[in-house]
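Asker: Given chain A, put chains Y and C in place with the hints provided.
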Amino acid sequence: MFKRTLFLCLALSLLLGASSIVMAQDNILLYGGNQDIDNIDPATGENYSINAALRSLYDALFIYRGSDTQPHLVESWEVNDDATVWTFSLHDNAVFHDGSPVTAEAVVYSFNRILAISGPPSWRWETIADENTAQALDAHTVQFTLTQPYAPFIGTLPQLFVVNPAIVEANLGDDMGQTYLKQNAAGSGPFTQGRWEIGNIYEFVAVDDYWAGWTGDDHLDGFFWVIQRDPATQLNSLLAGETHIADTVAGSDKEKVVDSPDHIWEEHGGFFTNTLKMNNQGEYTSDIHLRKAVAHAMNYEAMVAAQDVPITILPGPTPANFVGYVEGLAYPAYDLDLAREHLAQSPWPDGGITLDYVYVTEFPREEIPGLILLEGLAQLNIELNMIPMLWPDMVASCASPETGPDIINIYTLPPFLDPDAHLYNQYHSAQWGSFNSCSFYSNARVDELLDQARTIGDADTRQAMYTEAQELIAAEQPSVWMYTEDSSMSLNTCVKGFRYSPMYPLTVLFQDMWMDGC
Amino acid sequence: MAEGHNHPKSLPHKEGETSPPTISPARPGEGRDPGMGGAHSARWDNLARGLYRFRSNRLSMLGLLMLLFILFVAVFAPWIAPFPEDASGATNVLERLQAPSEKHLFGTDKIGRDIFSRVVMGTGLALQVGTVIILLATTIGVTIGAISGYAGGWLDDLLMRITDIFLTVPALVLAIAISAALGKGIINAMIGISLVWWPGFARLTRSLVLSLREEPFVEAAYGIGAGHARIIFRHILPNAVSPIIIKMTTDFGFAVLTAAALGFIGLGAQPPTPEWGAMINDGRRYFPDEWWIATFPGLAIWLMVFSWNLIGDGLRDVLDPRSRR
Amino acid sequence: MNIRFYILRRVALIIPTLIGLSILTFAIARIVPGDPVGLAAGPRATEEIKEALRREFGLDQPLPVQYVDYISGLFQGDWGQSLYTRREVLGDLRTFWPATLELTTAAVIIATLLGVPAGVISAMYRNRLPDHVARVLSLFFVSFPSFWLAMIFQTWFGRDLGWFPIGKRLPVLVAPPPATTGLFLVDSLVQLDFETFAVSLRHLFIPALVLSFGAFASITRITRASMVEALEKDFVRMERAIGIPYRVIIFKYVLRNALIATITVISLNFGWLMAGAILIETIFDWPGLGLYAVHASLSLDFQPIMGIAVLYGIVFSVVNILTDIVYGILDPRIRYG
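If you read the protein sequences in the order shown, they are chains A, Y and C. Under the numbering used here, the letters of the first sequence match residues 1 to 518, in that order. Under the numbering used here, the letters of the second sequence match residues 1 to 325, in that order. Under the numbering used here, the letters of the third sequence match residues 1 to 337, in that order.
Chain A on its own, in the form it takes in the complex (with noise of 0.2 Å):
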């Protein structure tokens, strides 16, 4: 009797249970991502869950909101005339989460300590600064002398987290607080860390007195990270309101988003740009005319129909949304004649070669395009090799012309709003090595164009500059360039203040944000 009592019991919690528990609280946000935040240290961390991380619990001197660059804990600032000295005042009422004030020292001890890990995020200020760039005039004025001219400076200091040096100096460890820092934030952000039960959610609790203030009519009390690795888990969470956003819907299910009517689907063309990047010093993709006809191979048009995600198909090496695109550039189209020809002017003219196509593993959205380019060159008899790889290992074969692959798909965002994050770290050839410039191009004009541009203030001589280079290189076609992504963000019609930031295409800035009549 009394096992039959436990089994009533047990069934009866089955199915009850969690009908008495409270699904949503107010002004809570419960985000929906794609990816793990398996790192919130400024110095290492760097891709879209980390920024949405980094921006709730640390300040950056300047901030994205939308498409403009505010400053942030910068009050006001100075440059000279060639872009080299940089000198900025800081609001004085800031501080960090432990109530000490963030001080220009120790905005100078982050970038210098971004600068000697040397992780993802330094490769911004590498070029330009060495260990002596920045210093602390006064408590709250920093200066930066630039070892050389860089007009689009502002442009990287949104990455620029300023950390508590006294919280990391006390868990310095052997890394430069690196394992301190991967789990724990030291920052003055509006929010700090809650919950944090990794690999699953992670909570942030928003700052009551938050000195900078929030922008918003009302704020969070604080969000939930919520790892859902499978998109149509997201979706099925949204729509039963147990999340407030899911940021990797699939384009398939957009429908389904659309026709709730307590959701809104967000979608913006942005900068996030796809292209092969075809090995210019390799042994067949050396050949000009190889290259032309693998770009006129490949099935655009197909392409965006089987991209789970919205895309727009780039006009040449820059977006047409972006600064410095040169409108009227040729660019290939699907057209097997054209690539037949262009192939007869080869060293190959009947084909018979295999090409290596190296992509994200795991990753559909490199995958198809490799798929579709295969049964383009099959027509030409040319057999193509797909090659799933690890990120890193990628990341590894652009090392060198010789290790780099004949096809490689590459994502690039370009990290401000200027000309130069397009072209230079692509297509410059000191930038060899990078992933950016995986297909190491060469070309002694456009080297020289690229330099110039960076030392010059005046808008229209830049721009005649970047024309001209971009000219030169599209005529070569060292990539085949295939689209920029729009990004899509589906959310409940309750949450309120969501701003599209194109540098920053899925991070969104939580502390914009708040909930009404969830």
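No wet-lab data here; the hints were simulated from the structure. Keep in mind that a hint or two might mislead.
Stated by the list, open to error - Here are the computed lysine to any residue pairs in the SDA-like style, where the Cα-Cα straight-line distance is at most 25 Å: (1) Lys252/C x Pro130/C; (2) Lys256/A x Glu266/A; (3) Lys256/A x Pro100/Y; (4) Lys252/C x Thr323/C; (5) Lys256/A x Pro310/A; (6) Lys182/A x Ala94/A; (7) Lys50/C x Tyr411/A; (8) Lys50/C x Met176/A; (9) Lys254/A x Pro310/A; (10) Lys103/Y x Leu303/Y; (11) Lys50/C x Asn171/A; (12) Lys252/C x Arg128/C; (13) Lys103/Y x Gly89/Y; (14) Lys496/A x Trp211/A; (15) Lys254/A x Glu95/Y; (16) Lys254/A x Ile152/C; (17) Lys182/A x Asp36/A; (18) Lys50/C x Asp38/A; (19) Lys252/C x Ala241/C; (20) Lys182/A x Thr95/C; (21) Lys233/C x Val326/C; (22) Lys50/C x Ile128/A; (23) Lys254/A x Trp291/Y; (24) Lys50/C x Leu390/A; (25) Lys256/A x Gln98/Y; (26) Lys256/A x Arg284/Y.
The model shown is predicted, which means the values in this text are computed figures rather than measured ones.
Answerer: Same frame as chain A, now just chains Y and C:
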């Protein structure tokens, strides 16, 4: 789960063996009657009787029929599949994500490939994968087991310690580690799985050899001066064949399952290979709204595994009659 | 021999096996063709940074030295550091292990609750319809790819019917009970927090059910076989002859005898299901060792993989010893020797 069940460790405590295994140090299964020892002529009698019993077991016959069907599909795949080129790289994005219809019996996937064609074309691959894994594992396992059981002494101890090491960790865990280390790809996945699959065969063979070694006809062969190789290959192993075959059959399905699991995780076959596990992984993103992408490869795996399990179950009844009365 | 000595000796015997296992996993980890250091260093790292990292992780040492470092670390509780997350492996295992343990245990319990009765029925109705049905059903379910079935169940019961949650161990806003064991069911009961208990049970049920199918067949089969054998024993015939009801015989005498063999299979299943959990966890976002293992193996992060293999080895060995002890309790005829 199912993949876990394939673990070769099932063998020492052969299912159906009812006497509680002796507690250490004697190893379980040791000294067990292999089910059909005895002289050659008796072996053939047993076989004939066994075949009759197998035929009269309707479930096993069903399994055999299913397997024949699978073999038929594998052999004639290019003629059965309406779009065989879809298995080797053709795409048709205009017809992507279409529900099952007359033209596409199982629907189409994210780039418009015909799922039916890919499932059909993948049948041969699945059979190959299972065959290679089982043959490799059997070869390694039987060799090691036979040496171990026949030689005895320190060699036996050493080989069995090594076998134990592999048996300490579930096969899937080691298979994942080995395939990850070797690099992604179906060949490496097969190697990885075979490398963790042999210990079961080694344990089984060893216990069979141990008991057969004492049989009068083996002693007799010794007496007339037969060499070790001759004794092992002519007198011992032929009498150990049936338990090994049972294990090969029952393990076949689970080997296919394990390979599919690696494909599902992303460590197995790479695109555009029509490997069923990888196809399920592909379809996972589209499930449940485009349910057909993942569903049909899953059913194909199930059919394959189920048929082998039915056959294995029947064979066990026939060749090891103690297990089912 | 006394049981305490027996246990001690069994425990001592684990050690050489585990050392062998550590050599094996170490060997696997060192044949990696990719560049694990590139992973840790990040995309912009220079050769010098990578060199420094190699030094930091001891990867520049000769292999035997690396191995000795590794094995001595294992014994001192330093299981190495993940190249990728920089977290301590042992700490990670502690974090993720309870989730997997809870899932596996629940699955084994379900498989036993389903499998033993099915085996008993099979034996009682030997070669009749219920026997055939139980046999086909068990083979039927064990033949499914678990990850596929998990997907289907998740959709049916979670999304379409809404009976069960879609994934994870608890709703986001429900804080886990204070960790004593890390098993939410146990911890919530300790706190007398029945609400959390109920919710976590709901989250556990479907993943555990799917996982249990893998063990169902072998438990049914072994129960049936040992029941059949026991039923043919003389004492059963005798008791029937003196008029003890069949049901009583089955449950009082036969099942007890049959359970001994069944327990071996159940304990073996524990290890297999722990491996099977790897696949189930990826579907249900279950934050356990499986998710951890898959992530690590896809990113060639071998320190965690070695840790997981060693942990599985320890658990497997311990379960085996426990099984043997339970054995002895159930069957007094067995002497530890």
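Asker: Indicate, hint by hint, whether the structure satisfies it.
Answerer: Consistency of the hints with the structure:
Distance hint between Lys252/C and Pro130/C is fulfilled; the C-alpha atoms sit about 22 Å from each other, no more than 25 Å. Proposed proximity of Lys256/A and Glu266/A is supported: the alpha carbons are some 13 Å apart, at most 25 Å. Distance restraint check for Lys256/A and Pro100/Y: the Cα-Cα separation of roughly 21 Å lies within the 25 Å cut-off, and the hinted pair is therefore satisfied. With a CA separation close to 22 Å, the supplied pair Lys252/C and Thr323/C stays within the 25 Å bound.
For the hint linking Lys256/A to Pro310/A, the alpha-carbon distance of about 16 Å falls within 25 Å, and the restraint holds. For a cut-off of 25 Å, the pair hint linking Lys182/A to Ala94/A stands: about 23 Å separates their Cα positions. Proximity of Lys50/C to Tyr411/A is assessed by CA-CA distance (about 23 Å); at most 25 Å being required, the pair is judged to hold. Taking the CA atoms of Lys50/C and Met176/A, the gap is near 16 Å; set against the 25 Å cutoff, the hint holds.
At most 25 Å may separate the alpha-carbon atoms for a hinted pair to count; Lys254/A and Pro310/A meet this at roughly 10 Å. Our distance criterion of 25 Å between C-alpha atoms is met by Lys103/Y and Leu303/Y, whose separation comes to about 23 Å. Of the supplied pair hints, the one linking Lys50/C and Asn171/A holds, its CA atoms being roughly 23 Å apart against a limit of 25 Å. Restraint check: the Cα-Cα separation between Lys252/C and Arg128/C comes to about 23 Å, which is no more than 25 Å; the hinted pair holds.
Distance hint between Lys103/Y and Gly89/Y is fulfilled; the C-alpha atoms sit about 19 Å from each other, no more than 25 Å. Among the hinted pairs, Lys496/A with Trp211/A is consistent with the structure: their alpha-carbon atoms are about 22 Å apart, no more than 25 Å. Using a Cα cut-off of 25 Å, the hinted pair Lys254/A and Glu95/Y holds, with the two alpha carbons roughly 18 Å apart. For the suggested pair Lys254/A and Ile152/C, the alpha carbons sit about 22 Å apart, so the restraint of at most 25 Å is met.
Restraint check for Lys182/A and Asp36/A: the C-alpha separation of about 13 Å stays at or below 25 Å, so the hint holds. For the given pair, Lys50/C sits about 20 Å from Asp38/A by alpha-carbon distance, which is consistent with the 25 Å threshold. Taking the CA atoms of Lys252/C and Ala241/C, the gap is about 16 Å. The hint holds against a cut of 25 Å. At most 25 Å may separate the alpha-carbon atoms for a hinted pair to count; Lys182/A and Thr95/C meet this at roughly 16 Å.
The hinted pair formed by Lys233/C and Val326/C meets the criterion: a straight-line CA distance of about 23 Å does not exceed 25 Å. Simply put, Lys50/C and Ile128/A have alpha-carbon atoms about 22 Å apart, close enough for the 25 Å limit, and the pair holds. Of the pairs offered as hints, the one joining Lys254/A and Trp291/Y holds, with about 17 Å between alpha carbons and a cut-off of 25 Å not exceeded. For the suggested pair Lys50/C and Leu390/A, the alpha carbons sit about 17 Å apart, so the restraint of at most 25 Å is met.
Taking the CA atoms of Lys256/A and Gln98/Y, the gap is about 17 Å. The hint holds against a cut of 25 Å. Of the supplied pair hints, the one linking Lys256/A and Arg284/Y holds, its CA atoms being roughly 18 Å apart against a limit of 25 Å.
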